[in-house]
Structures are given as structure tokens and as C-alpha cells.
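A.B. asks: Chains A, B and C, in that order, are what the protein sequence lines are.
The first sequence begins at 478 in the numbering used here and counts up one residue at a time.
The second sequence begins at 212 in the numbering used here and counts up one residue at a time.
The third sequence begins at 4 in the numbering used here and counts up one residue at a time.
Honestly, the hints are just simulated from the structure, not real lab data.
There could be a bad hint or two in this list.
Said to hold, decoys possible - Pairs of lysine-lysine, DSSO-like flavour, derived with a Cα cap of 30 Å:
no.	chain 1	residue 1	chain 2	residue 2
1	A	K606	C	K62
2	A	K606	C	K326
3	C	K72	A	K606
4	C	K97	A	K606
5	C	K116	C	K362
6	C	K289	A	K513
7	C	K326	C	K72
8	A	K513	C	K153
9	C	K266	A	K513
10	A	K606	C	K324
11	C	K51	A	K513
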Amino acid sequence: MRRLLHLNIPGALAGLVWLVIVALPVYWMVITSLRKQAGYLTADPIVPGRPTTAQYHRVIAVGFLSYLRNSAIVTFAVVSIVLVFALMASYAIVRGRGWIASGSFRLFLLGLAIPLQAAIIPIFFVVNKLHLYDTLPALIFPTAAFSIPISVLILVNFLRDVPTELFEAMKIDGASEWQMLWRLAAPLSRPALLTVGIFAALQAWNGFLFPLVLTQSSGTRVLPFALYDFQTQFGINVPAVLAAVVLTTLPVFALYLIGRRQLLGGLTAGFSR
Amino acid sequence: MRAGSKRKGASPLLALPALGLFAIFALVPMIVVVVLSFTYYNGISSPTFAGFANWSRFLHDSTTHHAIWLSLEIMVLSWLFQTPLALLLGVFVSGRQRYRAVLAAAYFVPLLFSAAAIAITWRNLLDPNFGLLANLTHRLHMSWFPTSWLGNPGLALYMMVFIISWQFIPFHMLLYQAGARQIPRSIYEAAEIDGAGRVGQFLHITLPLLRNTIVTSSVLILVGSLTYFDLVFIVTGGGPGFATRILPLDMYINGFERSDMGYASAISVVLVTAALGLSLLLIRVTGFGRFRSTHEGA
Amino acid sequence: MTRHTVMRLAIVMAIALAALTAAATAASKKPTLLLWTIQRTENSVETKAAKTYKPASVKVQIFANDPYKQKIKVALGSGKPPDMFMNWGGGGLKQYVDARKVLDLTPFLNADKAWKNRFFNNVLQTAAFKGKYYGIPNVGMQPVLLFYNKAVFRQNNLTPPKTWDELLSVVKALKTAGVTPFILGGQSKWPDLMWEEYLVDRVAGPQAFNAVVAGKKNAWMDKGIIKANTMLQQLVDAGAFGNNFSSTTYDGTVTATLLGTGKGAMELMGNWEYGAVLQNSPDTIKNHDLGWMPFPAIPGGKGNSKNIAGNTSNFYSVAAKSKHPAAAVQFLKKQVMSPAYVKGLIALGNIPPVKGIAKQLSTGANADFTTWCYKLVQSAPNYQHSWDQVLSPDAANTLLTNLDRLLLKQITPQQFSANMNKTK
Chain A
478 MRRLLHLNIP GALAGLVWLV IVALPVYWMV ITSLRKQAGY LTADPIVPGR PTTAQYHRVI
538 AVGFLSYLRN SAIVTFAVVS IVLVFALMAS YAIVRGRGWI ASGSFRLFLL GLAIPLQAAI
598 IPIFFVVNKL HLYDTLPALI FPTAAFSIPI SVLILVNFLR DVPTELFEAM KIDGASEWQM
658 LWRLAAPLSR PALLTVGIFA ALQAWNGFLF PLVLTQSSGT RVLPFALYDF QTQFGINVPA
718 VLAAVVLTTL PVFALYLIGR RQLLGGLTAG FSR
Chain B
212 MRAGSKRKGA SPLLALPALG LFAIFALVPM IVVVVLSFTY YNGISSPTFA GFANWSRFLH
272 DSTTHHAIWL SLEIMVLSWL FQTPLALLLG VFVSGRQRYR AVLAAAYFVP LLFSAAAIAI
332 TWRNLLDPNF GLLANLTHRL HMSWFPTSWL GNPGLALYMM VFIISWQFIP FHMLLYQAGA
392 RQIPRSIYEA AEIDGAGRVG QFLHITLPLL RNTIVTSSVL ILVGSLTYFD LVFIVTGGGP
452 GFATRILPLD MYINGFERSD MGYASAISVV LVTAALGLSL LLIRVTGFGR FRSTHEGA
Chain C
4 MTRHTVMRLA IVMAIALAAL TAAATAASKK PTLLLWTIQR TENSVETKAA KTYKPASVKV
64 QIFANDPYKQ KIKVALGSGK PPDMFMNWGG GGLKQYVDAR KVLDLTPFLN ADKAWKNRFF
124 NNVLQTAAFK GKYYGIPNVG MQPVLLFYNK AVFRQNNLTP PKTWDELLSV VKALKTAGVT
184 PFILGGQSKW PDLMWEEYLV DRVAGPQAFN AVVAGKKNAW MDKGIIKANT MLQQLVDAGA
244 FGNNFSSTTY DGTVTATLLG TGKGAMELMG NWEYGAVLQN SPDTIKNHDL GWMPFPAIPG
304 GKGNSKNIAG NTSNFYSVAA KSKHPAAAVQ FLKKQVMSPA YVKGLIALGN IPPVKGIAKQ
364 LSTGANADFT TWCYKLVQSA PNYQHSWDQV LSPDAANTLL TNLDRLLLKQ ITPQQFSANM
424 NKTK
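Chain A extracted, bound-state conformation (with noise of 0.2 Å):
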């Protein structure tokens, strides 16, 4: 009660300011997108003018919703792979022995530590040795691979705590692990399953090094690349580019006002890089 008496001014003002920072560009974007291009230059910056969504037409008109069939491609296999094999990996590392389980557990860990924009130039060549250049699967798996590490982390974490009398409770009934796999170990980690799957979709949906370098036709086109191709397409269109930039953001931007919990919760995951 005290603690809402004496009201943080100096805490508030300094707050404000940065929400200026923080919020400034954003709407600059939002209502720059809303313009036409003729007259743009002219118009005062801050104040909106008579929205129009003829740059929304015009980024759609160039391939977006091709792209965007890509970026959901590419995000919808990378989380599934990730889900199914990091909760198999973690599942056998927790529930297994031997050298394999924790030896691997050790791996993943050390993989952490792997910047993938370091390891750019050896995948591009793997990829290609794979004939896999210029290819969505390109995308998908080495994206996937560098999601797994931090999600095994999280998922065996998670399993480490469900009491052991459940899976023995299970097991003299008569299941097998395999069973005790996916009838109880995935309806328990639910949580952290959508930490984990949050997680790998932004990793799939907002990465840019890889469709750079591992992709280059319009066909396999995924949103941030397109985004960096529009920018010389439209040339000095700036509020095309900028629809386009407000049209990729979007489907998170759903997410976030869906689940704001969960999508921070799926942010914070990928903290080791």
C-alpha cells in the first residue's frame, strides 16, 4: 500500500523515455506503411495521413503470400522435428544409461556453445555435398539441428522432475518405453513442449543467414530474405518496404497478444545465444 503512495518520478520519466525510443520507430513504420508512395516525402512524417493499403496490394502482388507459404513450411517442419526428436533425446537421456545417454547429454551442451553464423561457410558446403542447395529442407534442418541442443536442455530438465514412481507405476502395467514415451512423458512436459516448439518457430520464422546463403531463387523465398530483396526492389518506395515489414511481423504479433506468457517464456529458451 505504501509502496503505491510514493510513486517512482524519476523511475516513470526515465520509463517514458525509453517507451519514445522503443515505440517511435515502430509507429513511424506502421503508419508510414499506410501512405503512398507519391507524396511521401512531402507529408509530415509523424502525423498519419489518409491510410491507404495500396503498398499492402503492391507487397502481395510481388510474391508475398508465396513467401510466406515457405516461411510456414519451413516453421512448421522445423518445430516438428525439433519436438519429436529433442523429447525422444531427452526421454533417453533421463530414462536411458551408459556412456550413449549422458555422453550425448554432454554433446548437446557442448553444442550450445556453437554460433551458428560461425559455422556458415562448412554448412553451406555440407548442404551442397547433400545436393540440398536451394532447397527448403536447406533451411529446415540445419535450423532445426542448431534448435536442438537448448531444447534438449529444457526438456530434460522438465523430465528430471517427474517422480519416477509414475514411470514405474506405468511400466508394471505393462508399458513399454516406447508407451511410457508418449503416453506419459509428452502429456507431462506439455509446458515446456511449447517452450521448446515457441521457441524453434521463431529460430525458423526470423532467421536471415540461412536462406541468405543457402537458398536463392524466388521458390524458395522465405520471409526475412524476401524482406532484404524487397528493400532494392522498391528502391525508394519506403512505404512499401515497410508494409512489407509490418506483414511479416504480424503472425508473431498475433501470437503475442494471444499468449504473451508463453511466446516470452519461448524467447527467454534460446538465451544461450
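Given the coordinates of chain A, assemble chains B and C onto it according to the supplied hints.
C.D. replies: Coordinates of chains B and C only, in the frame set by chain A:
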């Protein structure tokens, strides 16, 4: 901590798909990159053995040395800029007041954008001819006001640090918010009875109790700044001149623009080694268990 | 049990992924030819040539200029190249030819003399190595010239500069009037090179760069080159390029708009900028406010003031790994520089490098500009092909970076020459 008895463990085969994928796209490349660093490879023809040529070039290439220096500079500047701001703002939004919750929701918005989106937005905002800044100075008849911020070699790096911070401060703020919320309120109440002011409470209670979060966040900033790529690549491409050509960019330009993949691999090896070294520090200093508690707090 | 299930799972995932990729590539009967080119005003002509071609379905993919150079390199190296790709000839193309990535067009050209004789031979030579031809010209010749905004000159009572001294006084006058004298897309670096090429030519003559190409020792240390670079830095000091050049990109829209709207007074650029102004600032052309002139003379210099620099043309080459090389060659023969193609280029202000079109040019849409360019090229004793296309990609990259730093005044002309001397 460890689950109790495991008389009949689960089959280790279950770990194979994850291991396989990880091995092919993360571990094998680590071996490949070392091998490639001893070859001439232009990305078009097959690699040929080069001995220590790339490594000797690494020791003498002044552009790369400059890039290493810039990477260190951006690392320190990022830390100096992000840590105090993220810490103060994080503690600020850890308060339960309604207005703070609203502010927090707005603060986290940059987290929703991809690096590409942020880079494109700032690049346009700062465009000297068609950007917001140029527009404003024109409207206010302030033609004396400099508009070429990204084109000024003395300023470009600082602008990059600012844009990078704009992207990442919310993330670290999130860590600090979670950390600060774990501090029991009773400690503050006791201090208040003792007559400690707001600043005193922050210095003597909050700061020491957030030590672990500070360490975690700091090491993340340090390791992360070693590998910044997307933002700098899109906003300045390493220019003007060499002003923002940090080490990952130097690697990319050598590998993919000059077609010298052998030399780029050598830089790659250095980057991986540096990042691994720093990260091992992370595990050593913060400890694995603490990683976990911070995570749950989030 | 476990192993089976894992395998089953792996198989299901593999099939799913294979299906995903297969779905992206639909099958059709006609050969499908993939053509790569860069974003430029001539795209409309290129895509029309592709769309109206019946024997094969030709897909045109357009890339931005700067990333394209890297994309095509990676594509040719990866073994998944497009069937046909646009290039600049010279050292860049030679690198691919040396790596056996490009189809030799000599037999096809020799088999059809009428095809071969359609083009100016000196233009074909830019994409020929050791007597073998690897490229077909696909746009007009591209001399670099000095564009200016007539309205800006009128308002400030200025006349186009013919000599270096006149140029300096025009710069001074424009600077006082608050107009950027020369627009320069310095962030893209290669526009800087046009200044370098002309200054070195005027001061030291064509022989200075020819010595570099011939691999003469210390060729870059030529006194003329150092003097030219000193003059270039004097221009920077005089504010000739304004304050924003180092963060201005060239993408075919930015500088044309700046020139058209009079934010800058002049621009040294390839003749394609005419089309760019036409597209981005059509009123400038309509009001006859776009002017053009040759690069000014530098009295006392070794170079003839009629010398020009630029690209002879751009080219299409066929990838050696193309699945339909014959179909690709057939397309190039039938559709590129066909009468319709040539007509389309002329309408854009191009000067196609084909014989017997003088009359067509003089009756074309932008006759005053194209005939002026045609005369400029014809009367030029030396036509310097762009340095970055002549040199190896590695040397070209070093050249552009050092020019960038020279204009930022981070290095001296002496350091520039010393750095370039180290390249091969």
C-alpha cells in the same frame, strides 16, 4: 536431482535422430571448417591443399585484424550500453503497478521483429535522402543538421551499437524482470523499516541479489556480440570503408563475395573457438543449475 | 520394437519432406529454361522476349544488382545454375570460363554467320577469351556520361562545365546555392569507380590502366593515377558529392529521383540512368529538363577529352550444366536482339550494339539522347571497359573497397596505389 533407480533404462537409440541431425549440420561442419581452412577453395572449383597459407594470411591481414578489433569494440560497447539500461528497466517493470505492466508490454515489442525487419526499418528511418530523419530536418529547415549517420565512419559503429541494443535490450530486460521478481518483498520491507531509501535499496538489495542474472546476461551479450551478423550486414554491409566490418562480416565478405572460402574458414575457426571459450566461461561461472532456475523464473 | 518405430518415424518424416520439395517443382512437357538477370530498366524487354517465345517456357528471375554477383557465383559453383545468366563479360566471366562452368558459343555462332555478324565485333570481344565466344550482348552499349538537371542550372545561371576549372567553379556555385553538385551512390561503391576511370583517363591517358592490365610492375604507382586521386579527394573536400554520398545506394531509383527532383545537380552515370529518370521522375524528361554532357577536359592531361568509359554491353551466357543447352542457344538466337528486342531497347533510350540501326535510332522515341550517345561512342578514340569487369573479382573487390576509403579520406592517394599494387 537425478531421477532415482534406472534398472532397465530406455533405449539410447531414441537419442539417435536428434544426435544424427545435430552431428550432420553442427558437428561435422566443425570438422569440415578446420579442413577447409587448410585449402584454397573458391566455391566454384574443388578445394586444393594450401598448407598454412590461409593461417599465415590471417596473421598478416590488416583488414581482418581491424575486424577483430571492431568486434571487441562492439562487444564492450554493447555491454556498456545494454547492461545498465536493461538492468534498470528490468527492475522497473518488475514492479506490480498497473502502469508498469502496460509499459512492459510495449517494451517487449522489439522482440517480435526479426533482425531483418529491424535492420530494414532502421535503414529506412536513417536514410539520408528518403528517411524519417532527412524528412524531419528538411521540414524544420535544419539543413545544417547531419543526416548521414550511417555514412559517417566515425558514427556508423555507434549507430550499429544503438540499433543492436534496440533489438536486444528488451530480451535482457526480460531476464532482469524475472530475476527481480524472485527477490522476496519482505527483504525490502525490512530495509524500509531501517530507513533505507530507494537508491539504497537498489544498491544494497536488488543489485547484489541480481548478481547471477547480471552474469548470465553479460556473458550472453559478450558471446552474442561476437557473432552479430544480420543487422550489420543489412544496415551497412560493413561500410563505410571498414567502419563496421566486424569479424563475422569479414568472414562472409571473404567467403562469399571474394570467393575465398579457405581463408573465410580460417576466420570461422577463430570465431568458433572464441565463442566456445567464452561460453565455457558461461557454464563455469554461472553453473548449470542456475541456468535452470533463471529459466523457470522467466 | 523401438528400433522399428524409430525407423518408421524416420521414414515418414523423410517421405513428408520429399513430398514437400516435390510439390514445389511441377512437371511440364516443354523444356523449361531459367534465365537470371539483374533488376534494370531493360527488364521489360527481357521478360517480353521470354514470354513471347513459344518453343520453350522461359522463366525470368530478376535479382538486385549488388547481391546478384554473389548469387550467380554460388549458383554456378553449386551445380544448380540457371540455364542462362546475365553477366558483364570480362574478368568476372573469365573466372567461370576457367572453371568450365560456361558453354562455348563459338560453334553455334560460326554455324550461323548472320547471327554472329549482327553484333559489333568489339562488343562481342568483351565476352570472348582466347578466340572463343561465351556471351551474347543483351542490352545497349553503356557509355558513362555526365547528366545534369537543366532547371537547377537555369535557376543558378550556370552553364555545363567543359573543363576542370569550369567544373570546380560550378561546384562552388551550387554548393553556395545549397544544392548537392554531384549525386553519388557511394554506398554501392562501383559508382565511385566511374570518377576514377575518367579522372585517370584524362590525367594519365588510357596507357596507365593498360599497364595495370598488362601486369607491369608498380603500374598502380603511376604519377598520373596518384594525381587523379588527389583531384578526386579535392572534389570531396570541396563538397562536390555532398554529405550523404557514403550512405546513398545506387539501386536505379534513388539517384535518378534525386537528380530528377533537383536535390542534386549532376550525376556521372551510365547512359541507362536516362531510362531510370524516365521511370522515376517522368516530368523531368517531359519538360526537357534532363541534360547530358561528356566528362570535362583536363587541360595538360595525357588523355584525349573524347575518350569515354563504361560497359560495352551486358551479356547472356549459357551454363555448361544447363539441361537444355541447345534450346537455350536457340532462344538467344531467336529472341535476343531480334528486331522487336532492338526496338524495345531503343524505346528505353538504349543504343543496341547491333549493326545498321542508325536510321532506326534517329526516328526512335528518345532520338536526341540516343543519337547523341551513338555519336559519343563513335567518335571516342578509346572506350575503356569498366575496370571492375576487367580485373579479377578479387582485385576488383580490393579496388572498390580502397576507392570507398579514398573518398572517405581514410587513405591517401599514395596509400591507395600502394594497396592496389599488392593485388594480382
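A.B. asks: Now tell me if each hint is right for this structure.
C.D. replies: Status of the hints after comparison with the structure:
With a C-alpha separation of about 27 Å, the suggested pair A:K606 and C:K62 falls inside the 30 Å cut-off, and the hint holds. The suggested pairing of A:K606 with C:K326 holds, with an alpha-carbon distance near 20 Å, which does not exceed 30 Å. For a cut-off of 30 Å, the pair hint linking C:K72 to A:K606 stands: about 22 Å separates their Cα positions. For a cut-off of 30 Å, the pair hint linking C:K97 to A:K606 stands: about 25 Å separates their Cα positions.
Proximity of C:K116 to C:K362 is assessed by CA-CA distance (about 23 Å); at most 30 Å being required, the pair is judged to hold. The suggested pairing of C:K289 with A:K513 holds, with an alpha-carbon distance near 23 Å, which does not exceed 30 Å. As the CA atoms of C:K326 and C:K72 are separated by approximately 22 Å, the hinted pair is consistent with the 30 Å bound. Note on A:K513 and C:K153: the hinted pairing holds, with a Cα-Cα distance of about 28 Å set against a maximum of 30 Å.
Distance restraint check for C:K266 and A:K513: the Cα-Cα separation of roughly 21 Å lies within the 30 Å cut-off, and the hinted pair is therefore satisfied. Between A:K606 and C:K324 the alpha-carbon distance is near 17 Å, which keeps this suggested pair within the 30 Å criterion. Note on C:K51 and A:K513: the hinted pairing holds, with a Cα-Cα distance of about 29 Å set against a maximum of 30 Å.
Figure legend: structure checked against the earlier numbered hints; every hint is met.
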